[in-house]
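**Student:** Work out the full structure, taking the sequences as your base and the hints as a guide.
The sequence shown lines up with residues 22 to 255 when you count with this note's numbering.
Hints in this document: simulated from the structure, not taken from any laboratory. All C-beta atoms in this analysis are idealised placements derived from N, C-alpha and C, irrespective of residue type, glycine included. Please note that a few of the clues may not be correct.
[Stated by the list, open to error] Derived Cβ-Cβ restraints for the label pairs, each shown as a range:
1) Glu60 x Lys238: 41 to 51 Å
2) Glu60 x Asp124: 50 to 60 Å
3) Arg109 x Asp204: 19 to 29 Å
4) Arg252 x Ser122: 19 to 29 Å
5) Lys39 x Pro116: 49 to 59 Å
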Amino acid sequence: MEVLISELKQNVVKLNGKYNLDDEFLDNLYSVYPFNRFEYIISHLIAEKILSLEQYLEIRNAYLRRNKFLYVFEITAPRTFGEAWAQRHLNELIPELDRPSKDFDKNYTGQYDFWYNGISIEVKASRAVMRKGGGTLLEKALSSNSRHGFDMNFQQIKPSCAKVFVWIGVWRDTIRYWVLSSDEVKNNKYFSKGQYRGNVGEGQLWIKDTNIKEFEKYLVPPREILETIERKAK
Numbered sequence: 022m023e024v025l026i027s028e029l030k031q032n033v034v035k036l037n038g039k040y041n042l043d044d045e046f047l048d049n050l051y052s053v054y055p056f057n058r059f060e061y062i063i064s065h066l067i068a069e070k071i072l073s074l075e076q077y078l079e080i081r082n083a084y085l086r087r088n089k090f091l092y093v094f095e096i097t098a099p100r101t102f103g104e105a106w107a108q109r110h111l112n113e114l115i116p117e118l119d120r121p122s123k124d125f126d127k128n129y130t131g132q133y134d135f136w137y138n139g140i141s142i143e144v145k146a147s148r149a150v151m152r153k154g155g156g157t158l159l160e161k162a163l164s165s166n167s168r169h170g171f172d173m174n175f176q177q178i179k180p181s182c183a184k185v186f187v188w189i190g191v192w193r194d195t196i197r198y199w200v201l202s203s204d205e206v207k208n209n210k211y212f213s214k215g216q217y218r219g220n221v222g223e224g225q226l227w228i229k230d231t232n233i234k235e236f237e238k239y240l241v242p243p244r245e246i247l248e249t250i251e252r253k254a255k
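**Tutor:** Now the structure itself:
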């Protein structure tokens, strides 16, 4: 979003004040989907021949490339994101993962998400959003190269309930995967036990702009996730 705003502002200057397109006016512009401040600016730029159709399409395509996972931030219900989207996404990447049942594990009671060759796997997901300021998830969504501080909160983690954990981090332009053994989760200095009173052994972990480099050793490209799961389970 920052890149798009910067590009449009550079072009608005070329109008030499012919139209009122300052931030205060645009912040108060009455809009109804699909019409918004960006459509309003772009229509003026095209009408005044500041932007050609070809240039507009270049801006549009570049924006789509930079924001190919922005739709994930439109999911507002935590359970829909954390369970429905995240689990489906990982299963699409790795169709070898099975949905657990007592047929695989007689002790299974819903405590983990996937099963693979005797390995219980728990999936957690979070999105990179701007730490400061208000607004919706969509408005606070960050790109992987953003300089803004961000928080990613992985909640309700129970290291004793699975052998391997796959954490999915979503930015506007990329998705990253961290694979950790249960011991690596339990012993991580950022793992905070006791997220909710009475939930013994359950905690949460924050990945932030200030500590994300410490998790690079757990980063795995999509094609190596299954191999890493097998290795971490040993």
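**Student:** If a hint holds in the structure, say so; if it doesn't, say that too.
**Tutor:** Quick rundown of the hints versus the structure:
{"no.": "1", "hint": "Glu60 x Lys238: 41 to 51 Å", "verdict": "44 Å, holds"}
{"no.": "2", "hint": "Glu60 x Asp124: 50 to 60 Å", "verdict": "53 Å, holds"}
{"no.": "3", "hint": "Arg109 x Asp204: 19 to 29 Å", "verdict": "28 Å, holds"}
{"no.": "4", "hint": "Arg252 x Ser122: 19 to 29 Å", "verdict": "25 Å, holds"}
{"no.": "5", "hint": "Lys39 x Pro116: 49 to 59 Å", "verdict": "56 Å, holds"}
Figure legend: structure checked against the earlier numbered hints; every hint is met.
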